[in-house]
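These are the residues of each chain, in order.
2 protein chains.
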Amino acid sequence: MKMLINVPETVVADGLRGMAAAHPELTVDVENRVVVRRDAPVAGKVALVSGGGSGHEPLHAGFVGPGMLSAACPGEVFTSPVPDQMLRAAAAVDSGAGVLFVVKNYTGDVLNFDMAAELAEDEGIQVAKVLVNDDVAVTDSLYTAGRRGTGATLFVEKIAGAAAEEGQPLERVESIARQVNENSRSFGVALSACTTPAKGSPTFDLPPGELELGIGIHGEPGRERRPMMTSREIADFAVHAILEDLHPSDPVLLLVNGMGATPLLELYGFCAEVHRVLAERNVAVARTLVGNYVTSLDMAGASVTLCRIDEELLRLWDAPVNTPGLRWGM
Amino acid sequence: MKMLINVPETVVADGLRGMAAAHPELTVDVENRVVVRRDAPVAGKVALVSGGGSGHEPLHAGFVGPGMLSAACPGEVFTSPVPDQMLRAAAAVDSGAGVLFVVKNYTGDVLNFDMAAELAEDEGIQVAKVLVNDDVAVTDSLYTAGRRGTGATLFVEKIAGAAAEEGQPLERVESIARQVNENSRSFGVALSACTTPAKGSPTFDLPPGELELGIGIHGEPGRERRPMMTSREIADFAVHAILEDLHPSDPVLLLVNGMGATPLLELYGFCAEVHRVLAERNVAVARTLVGNYVTSLDMAGASVTLCRIDEELLRLWDAPVNTPGLRWGM
Numbered sequence: 001m002k003m004l005i006n007v008p009e010t011v012v013a014d015g016l017r018g019m020a021a022a023h024p025e026l027t028v029d030v031e032n033r034v035v036v037r038r039d040a041p042v043a044g045k046v047a048l049v050s051g052g053g054s055g056h057e058p059l060h061a062g063f064v065g066p067g068m069l070s071a072a073c074p075g076e077v078f079t080s081p082v083p084d085q086m087l088r089a090a091a092a093v094d095s096g097a098g099v100l101f102v103v104k105n106y107t108g109d110v111l112n113f114d115m116a117a118e119l120a121e122d123e124g125i126q127v128a129k130v131l132v133n134d135d136v137a138v139t140d141s142l143y144t145a146g147r148r149g150t151g152a153t154l155f156v157e158k159i160a161g162a163a164a165e166e167g168q169p170l171e172r173v174e175s176i177a178r179q180v181n182e183n184s185r186s187f188g189v190a191l192s193a194c195t196t197p198a199k200g201s202p203t204f205d206l207p208p209g210e211l212e213l214g215i216g217i218h219g220e221p222g223r224e225r226r227p228m229m230t231s232r233e234i235a236d237f238a239v240h241a242i243l244e245d246l247h248p249s250d251p252v253l254l255l256v257n258g259m260g261a262t263p264l265l266e267l268y269g270f271c272a273e274v275h276r277v278l279a280e281r282n283v284a285v286a287r288t289l290v291g292n293y294v295t296s297l298d299m300a301g302a303s304v305t306l307c308r309i310d311e312e313l314l315r316l317w318d319a320p321v322n323t324p325g326l327r328w329g330m
Numbered sequence: 001m002k003m004l005i006n007v008p009e010t011v012v013a014d015g016l017r018g019m020a021a022a023h024p025e026l027t028v029d030v031e032n033r034v035v036v037r038r039d040a041p042v043a044g045k046v047a048l049v050s051g052g053g054s055g056h057e058p059l060h061a062g063f064v065g066p067g068m069l070s071a072a073c074p075g076e077v078f079t080s081p082v083p084d085q086m087l088r089a090a091a092a093v094d095s096g097a098g099v100l101f102v103v104k105n106y107t108g109d110v111l112n113f114d115m116a117a118e119l120a121e122d123e124g125i126q127v128a129k130v131l132v133n134d135d136v137a138v139t140d141s142l143y144t145a146g147r148r149g150t151g152a153t154l155f156v157e158k159i160a161g162a163a164a165e166e167g168q169p170l171e172r173v174e175s176i177a178r179q180v181n182e183n184s185r186s187f188g189v190a191l192s193a194c195t196t197p198a199k200g201s202p203t204f205d206l207p208p209g210e211l212e213l214g215i216g217i218h219g220e221p222g223r224e225r226r227p228m229m230t231s232r233e234i235a236d237f238a239v240h241a242i243l244e245d246l247h248p249s250d251p252v253l254l255l256v257n258g259m260g261a262t263p264l265l266e267l268y269g270f271c272a273e274v275h276r277v278l279a280e281r282n283v284a285v286a287r288t289l290v291g292n293y294v295t296s297l298d299m300a301g302a303s304v305t306l307c308r309i310d311e312e313l314l315r316l317w318d319a320p321v322n323t324p325g326l327r328w329g330m
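Protein sequence lines correspond, in order, to chains G and E. Mapping to the UniProt record's numbering: the first sequence position 192 is 192, numbers consecutive. Mapping to the UniProt record's numbering: the second sequence position 140 is 140, numbers consecutive.
Source of the hints: derived by calculation from the structure; they are not laboratory data. None of these values were measured; they are calculated from a predicted model. One or more of the hints may lead you astray.
Cut-off 30 Å, straight-line C-alpha distance, at most; resulting in silico cross-link-like pairs (BS3-like, lysine-lysine) [stated by the list, open to error]:
id, chain 1, residue 1, chain 2, residue 2
1, E, Lys199, G, Lys2
2, G, Lys199, E, Lys2
3, E, Lys2, E, Lys199
4, G, Lys2, G, Lys199
5, E, Lys129, G, Lys2
With the hints as constraints, model all of the structure from the sequences given.
See below:
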């Protein structure tokens, strides 16, 4: 497998050097692997810190900036960051108003963020945590007890980030983050496996002519394999799987997310099919985001995330944001 | 080759239906394949129209909106749109202040935009044209006499679009577009071929362990094939190829563009190497954009585009833009 890299050992550090070069509005500590918005700590503002294994870019470092995350801690590819990174990030961004950790539900991330929270509290930093577990595909998985955290992470970070930006207190920011997670569900499919730099060959074996329904963002097994399906059939399957679990009375936010290697032209075609099946099910879509946001290196495929929203959550979604990966209104 | 599509015949129409669903701020005529900003024609404003084969998304339809294109005409995959689309687009957006056609230098596009310009002038629409031909890799190519138009298209559309948005007259918008093209150079590499839906198999054969230096955005042959190189070596080769042809005294805009399937993590690492070699050559970088903007379906690889700018061009680059693919400041 050919990659645009130097050596596997420096992939994460090289990526951070590139972020530092491209984004002077961020403070990038390459050695300690912490990315912080340059104006942090912002007086009186609750800070949001997230992180996880690398390979899902722009998640999370690409979501650091006004209106979203205060800091991110990238781990090695598909490997949790360590508590020291999270502690360093929390200390860099805490203004005294407290820090919310946004944690995707993977065993390593959960343990390490728990430990970091304890360490931070020992240093007098007030910490709250929200666990993201939106993936309806499987109950337990290779790296997870319970449901995996996937596309809803973007919704949690954007909406809770907006609440923090306008000065809401920690308790309220945490409760909004929790509400967004509880109202969100995702389902993903893989048309190809992904290849980590360290391994250099596909992480799993997906025969020609088959797809994996319910894939995780590290290539963890999904619900089942089937002969290749059309975009229309995949949209039906994914949306039905979500709506078995989420009964939207309110309108929804929709994320049609590429896993990395699927062309945008195909993602938009898939988006049309997702909109069609939502219309058939009488689900109103308030906003749609299409693109590669929560990726799995070079995996081909897509995921669908729905988040049930009210007027307040929609207002926070529409609020200005200025990060490398998501930007509007400022 | 597995794709997230229904059938090859409807890929472009399906993509446009998805754009219509996701972007209510655009008027998408799926049948006639024209994407227009909803508030067009804008009184007194010069309009920008571009287009080309599909498969390069977000280029061009993803760059329609305030501060950039007024309309785009997507052709079939890797196939020029027809003059009737361009005429329809021009008629939809012309406020009487005239229309600038932004044309990538491919034989089909050039011929069809020429014909559309004649037809538009017959209908009383004042038309100017700018040809984008920034690719230094080869002189002539499979679909091109002269240099191919690639990454600089984004710079031309953004900067001339900003000039049009602030009310500059057609002659001035055209001259700015021409200046941006003349000051821009690109060089691309492919690590894998791409696969068109109609063909269903890779458009060319690139053996494991080799890369193609100087690739075109349809997989046209480049300068040479070599055994796989590191990110550092590729950055050296690409930037040196550009700087043999462009001697920057001013600072530059830098686009580190993914061809579609290369993970963002790798693109950022490559960006670090491009910055390194530019620093070694004493070229100051004013702004850097990293991401998948001028793509070739599922091709793995990247391209580098430099544009020599002055204060006025930088001001126009920084001006607000609000399109699906590029958005800031509004």
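Hints and how they fare:
Restraint check for lysine 199(E) and lysine 2(G): the C-alpha separation of about 23 Å stays at or below 30 Å, so the hint holds. Between lysine 199(G) and lysine 2(E) the CA atoms are separated by roughly 23 Å; this keeps the pair inside 30 Å, and the hint holds. Proposed proximity of lysine 2(E) and lysine 199(E) is supported: the alpha carbons are some 12 Å apart, at most 30 Å. Note on lysine 2(G) and lysine 199(G): the hinted pairing holds, with a Cα-Cα distance of about 12 Å set against a maximum of 30 Å.
For the proposed pair lysine 129(E) and lysine 2(G), the alpha carbon gap of about 40 Å is over 30 Å, so the pair is violated.
The earlier numbered hint that this structure contradicts is number 5, and it is the only one.
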